[in-house]
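Asks: Hints in hand, dock the two standalone chains.
Chains as they are written, first to last, in my numbering: chain F, 238 to 608; chain D, 1441 to 1944.
Be careful, since some hints might not be right.
Lysine-lysine pairs mimicking DSBU-like chemistry, simulated, CA-CA at most 35 Å apart [as the list claims (entries may be wrong)]:
| no. | chain 1 | residue 1 | chain 2 | residue 2 |
| --- | --- | --- | --- | --- |
| 1 | F | Lys-239 | D | Lys-1879 |
| 2 | F | Lys-241 | D | Lys-1879 |
| 3 | D | Lys-1756 | F | Lys-317 |
Derived, one-sided and incomplete: chain F residues facing chain D with beta-carbon distance under 7 Å [claimed, not checked]:
| no. | residue |
| --- | --- |
| 4 | Phe-251 |
| 5 | Thr-260 |
| 6 | Lys-340 |
Hints listed in this document are in silico derivations from the structure and should not be mistaken for laboratory results. Ideal Cβ placement from N, Cα and C applies to all residues, glycine included.
Take a look at the letters that make up each chain.
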Amino acid sequence: MKRKITLTSLFLCFIFLAGCIPTSIIDDILIIEGEGYDYIGNGKVIGTITMPNFVQSGNQGSQGAGMPTTASMIRNLSGKTYDGKSLVDKFQSEGQRVIRPGKIRLILYNKRLAKHGLAKQLTFRNRDPDVPRDLNLAIVDGSCKELLTSENYQTQIPIARYVQDMIIHNNEQNYPDSDLSTFLYAYYGTYMDPFMPIIRKKDDHIEMRGLALFKRDKYVMSISENKAFIFKMLYQNFNQGVYDFQFAPGKHIALRNVHTSVSYNVRNGNSTSPEIFAKVKIIGQVRQAYPGSISKATAPRMERKLERDLAYQAKKLVHQLQKKGIDPLQLGDQVRSFTYHFDGKSWPERYRQAHFHCKISVKIQQTGISS
Amino acid sequence: MFWKKKRLDQVDPDTPVKTIADLINQLKSNPDFTHFKHKGETFTCWVSFIQTMVDVDYIHRDIFPVLYSNRVHNIADAQATLPVEKIIRTKDMAVIQSKLLEGFIIIQENENRPDCLVIPSIKAQGRQVDQPEIETSIIGPRESFIESIDANINLVRKRIPIPQFSVEEMRVGKMSRTRVCILYVEGIANKENLNTIKQRITDLEIVNLIDATNLALLIADNSNSIFPQFLDTERPDRVAGAMCEGKIAVVVDGSPTALILPSTIVEFFAAYDDYFLAWPIASSYRLLRLFAIAFSAASSALYVAVLTYHYQLVPKDLMGTLIVSRSSVPYDPIIEVLLLEIMIELLREAGARLPTKVGQTIGIVGGIVIGTASVQAGVTSNILLIIIAMSALAAFITPNYRMATTIRFIRFPFIISAQILGLLGVALCFMAFVCHLIKLTSLGRPFIEPIYPVRVTDLKDAYIRLPLNQQTMRPLFLRSGDAHRSNQKRLLAKKGKHSPDIDE
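So that you can see chain D by itself, here it is in the shape it has in the complex (with noise of 0.2 Å):
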């Protein structure tokens, strides 16, 4: 039975190769495996790397004109005399496989002996920095991070440059041994929350990591939550003013995108451009994304529940309007939604899937001849059509794309439960939503903070941005190690005695 048959053998890349001579038999049959014997006057070595994964340009140049020089005599000598830093020596076999297959170079002296030097080599490969594509933004810094885990600590690092500033790495996926790295601010950011974190990620079982999503997937409280509990940014000043508050960021290689945990949901509503413009601004867009995203998520099941069961709602001189717009339309008010939200769908999903110079066309078969034709055949109401359109445009307000996935999909339950019993439908929808965020935690900390539970203080840099002056208090909910951002009292107290006339 095919059930019972054997299953593979399985590979487990964590315990290493017995010894040296087997790791090099079995890469051998790779062609982009090197591994020779150099002969020199006055020292012999083996020299094994996988040229694909190495700087070449750098062996040549660097490390084998000092290898083949006659200064060499023996691989102590050949450890002090290239030029390079962090050369390992050692007879592990763990960290020999594991460099070699990283692109470090392996020199030993005997072919057979595990005794070897290790020297780092990895060719750097990737993009440039560049702007930020999704988390556009029309002031402040233009930079993103890159696929290049190193390249994305150091953007962050540079934004923070003091020693408290730490950095500890693991690998996660038994095949893929990605690189992850924890940052964060000692003495600032919460102990509990840097263990919690470091356990989950010590503690996955997976095979294969790719990005920083999937790990935000992979670590989060509520795996079945639709809402996403780990904020995920691709700007290094995010990172590093999170990092500032006592926030933990977390990078994968290979990924764009760093975590910031742990994370309210406010924040995924917050745009960086907040803080680059004044606080009366920055406060009334915040609240302008907000209404945007309920009436969003809310706009299409109200559409629903008022023309379903709720006429008495209709102020008496759009009933006109809504009556004449619907008269021609076959269908119940759901069926009628339904069909311009899943419509809607197919347009954005078509559109992200799309090479971009398709991608205009998309606009123009969606935009106009779905619309204005499916009002015209008499299929949708015109009402509906903006109705949907606005919500639609709404629901891309949230700078977040994760948050605006959830935004998007969560209009459907409310639809569903409008047409199922109307307002009192969407209430209880509403509730149900209420009662799942109220449970939710990120890593451990309350997911709707400065609303439940209520904190006053964080209030100031949630649904409006106060003043920066008075944003003395780092979040309450972090508990991080030192509360205080900057001394209030010094902050505010008058500086000088005379204050002079405004021309003076």
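If we strip away everything but chain F, and leave its shape as in the complex, we get (with noise of 0.2 Å):
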């Protein structure tokens, strides 16, 4: 009996409790899409959300009854703010209904702001339980206001899933995976140093512009778009990229890879000058080809052609890297699980003195349907 009390009474506590736990329905709040910060200089940034507005077409639901749409009408707000500032507690007091983060799909920084550093923001990220891991973060060559808030783009869809969906497909094929996950692990973890792509406005539309490469929490330098297939290529694997070769001026051929794998072996990892060896499989398919350039019995030529300038090409990348002492494709990583007792605190030094070796074996299995 006295059992059946507890329970009851138990039950009414979460009945009556029931509101005083605070809701969110879906069409009484504003729910963030998009954030962007431009950083203006002294600690300061212009901050900008933007929020999705679906009931602008007029709701077919209720047909002229007379009922006014309750959804959100807010388009977009911005301001100023110091840097690392949660802009949706920023914006809350200008929202026409409560501001939610919990379906953010995009964050934009502006180059000063990545040259300056991110590591107000990205602590306040790791620290916030609302905000999806799975949204993308990326650069702007230029300003993020104007990119988030500007009205003169192609399409009508609302701009935060128009670069995400730009981003995610691309990162299927010649970028590597970037999300938030993926940079919070790369700028936490040790020997290894995070990325994002760049996207740029480009009159009444957005491109993708290569990867922005980053000293812990500083942007440091970028690559293009080709190059991006030779550093995602060392990375991970995949396929689906596409390499555009010129192996002789003017004349170009593009592969397409089916299969790209990737394996390190690392020798001497403890020495001054650690040896690392990548080993890269791909199989392809030519896309494109210059008249004449390609055939079934060529192909083998090619094929060593490709390989020799993929090798000089990703040595000339890891190069580039060590120079500027940043390891995005986490080679410090793979010397460290390769080496027994790996000395971790000499190791930026001898990252530069580090010897890269890089053999790949391309396969082309096909030239196309009338080869």
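Replies: Shown next as structure tokens:
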């Protein structure tokens, strides 16, 4: 009997306290989809948030029954604040309804903020439980505010979705996977540095501009889209990337990889100049070729040429990274995993001295339907 | 004071009236009670019967001519010459009284002496064996039980014509004296189960037993549970099939359904059609039903939880549709859902209660007027209308009607807990139901048996139905007298040496 009373009162507590839980009813909140930060110097940023407005085109359901639509009406807000401030809190006082960050898909930083350093932003992001981990980050070549609030795009879909779709489908091709969780992993992990894609508003559309590489939280250098293929090749196994190879002046061949696998081996990991061996296997098909440059018979010759070129490019890229002292390919982590009693303290110096060897084997499986 | 008022003298029909004269006096005033003295040349007797209960044609044709003939000199002669089997000669007042009231004829030599013949002449009245209406099937037998217990036993017995088929009869109800028969196959049915069910039925303290489903509620292991613990069916083929597995069937006079016990929860979701289709098809139908039920129980609760608390879970492409359709709705999701759920329940109830001729109107009123109008008026959203309609549809997929009502009922605790605590509430509510189901028994056997406790052999005929030749074991939870249905070794043995080519 006593148990029954306890259970009943517990249950009643649930019911009566239910009203105290803050709700976020889907059409009574402003759902942030994109955030942008433009650094204006002196630790200040211009923050911009965008919210989708779904009922712009009128409500089909009510059919003129006179019901005013109650969904979000505000499209975007922007204002000055210090870097590292939560924009949700900043703009709560300007929101028509309560602003919720649970569906942010996109966070943009301009190049100046990235050079200044994202440390405050990142600690905040890592602390915030409301924000999803699979959102995409990007560096904007230009102004985030302009990119997010511009009205003159060809498409009518919300800008954050537009940009995220673009980044995600490119991540399935030439660009390495980059969302908040991988970025934070590389940022907080030892012997590795993060990266994120660069985008730019170009007239009435947006384009990918390459990959921004970071040293800890600071933007250091960028690599172009064709080089992104080399980067991704050394970074992860992937497929559906396209590499454009200029084998002679004015003569190109484009290879789409059906499968690429990379494996590492390390020798003398604790010596002053560790040797890193990368072995990349590419199976691909020719998408386009200079007339008469490739056939079934000449494919092996082209394969050798490609292998030489890719190996050269890879070495060049790694050498460049070594000179800057950044490690977005996570080579340091590879060395650590191959080395017993890895000496981590001296690694940053030894990284610059490391010898990078790259062995690439290309297999052209198909040269087109009428080879 | 009214509570101190003496209760009416309780009539206990078990105690017979003292003498036969008392009985006749008691009945005399009834217009359908016939009691007269026959005075023949050689034999004089008193005949009494209840006219509405006996087959009068039969009495006139077969009994009276013999009784009135000159061959009969005394009551023993009558017993010998009457062309009726099962004539009882008795002095037992209890027998006389109950038989007389059932439609037997009583023949006495002396009006005041209880020594008499009891001749069966019950009027068989009732509808013909008809097609099943609740558990319809597209293929397979089209017979269903009717209100007569004898016809029902006949329907089952003709499917199991072996001497081990046993029937035990008892009477339930102080006033209704309803005949209840327990059918089982001796040697296969578990003795313990049999004793349990017999004991539960004989221990019943009720006045009036109307129906088998009524009996199912009375003898259930947990009468507070919303889950029906005994399967009720109107298909004799299903009963026969269950009895061959080692289950026990209970039929009640005046009820067109039989109970199968003990039963597990998966049986409530198995249609008998499943056994008439190839196993991959039957299995996919069962899985379809399972998903439909899960959808039906959870969909509206998930709608409430997601739209009230977890906007993060809405896929980005659905977001716009949801917000647009909800933008003109003035209520919270919970009110919206309850409104529509109750509306659907009203429609269903009205459809069930209305006479068939008016029933069609309900479809029009419900589907067109209420559905479309409520969306246009901005009281509910389009998406929710689809979800509710689909979950109502999914609930009716359940082959068993009593289980279907359970599934419909189960939604409401889920919806309310979704409003209280969001998805956590749904999870807690689910947990509560799982705890309840784990503890639930059917005739002392675990109710969710192939799942808990896990019995792999029984899973062959649960969510999926494997080929029939692989189902060589009777269900384990029955603890049947003979665990094996067929000899697996012999079944799977290769026959013949030569395997010819396909067109040989």
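Asks: Against each hint, give a clear statement of whether it holds in the structure.
Replies: Hints and how they fare:
no. : hint                   : result
1   : F:Lys-239 x D:Lys-1879 : holds, 21 Å
2   : F:Lys-241 x D:Lys-1879 : holds, 18 Å
3   : D:Lys-1756 x F:Lys-317 : holds, 29 Å
4   : Phe-251                : holds, 5 Å
5   : Thr-260                : holds, 5 Å
6   : Lys-340                : holds, 6 Å
Checked against the numbered hints listed earlier, the structure breaks none of them; every hint is satisfied.
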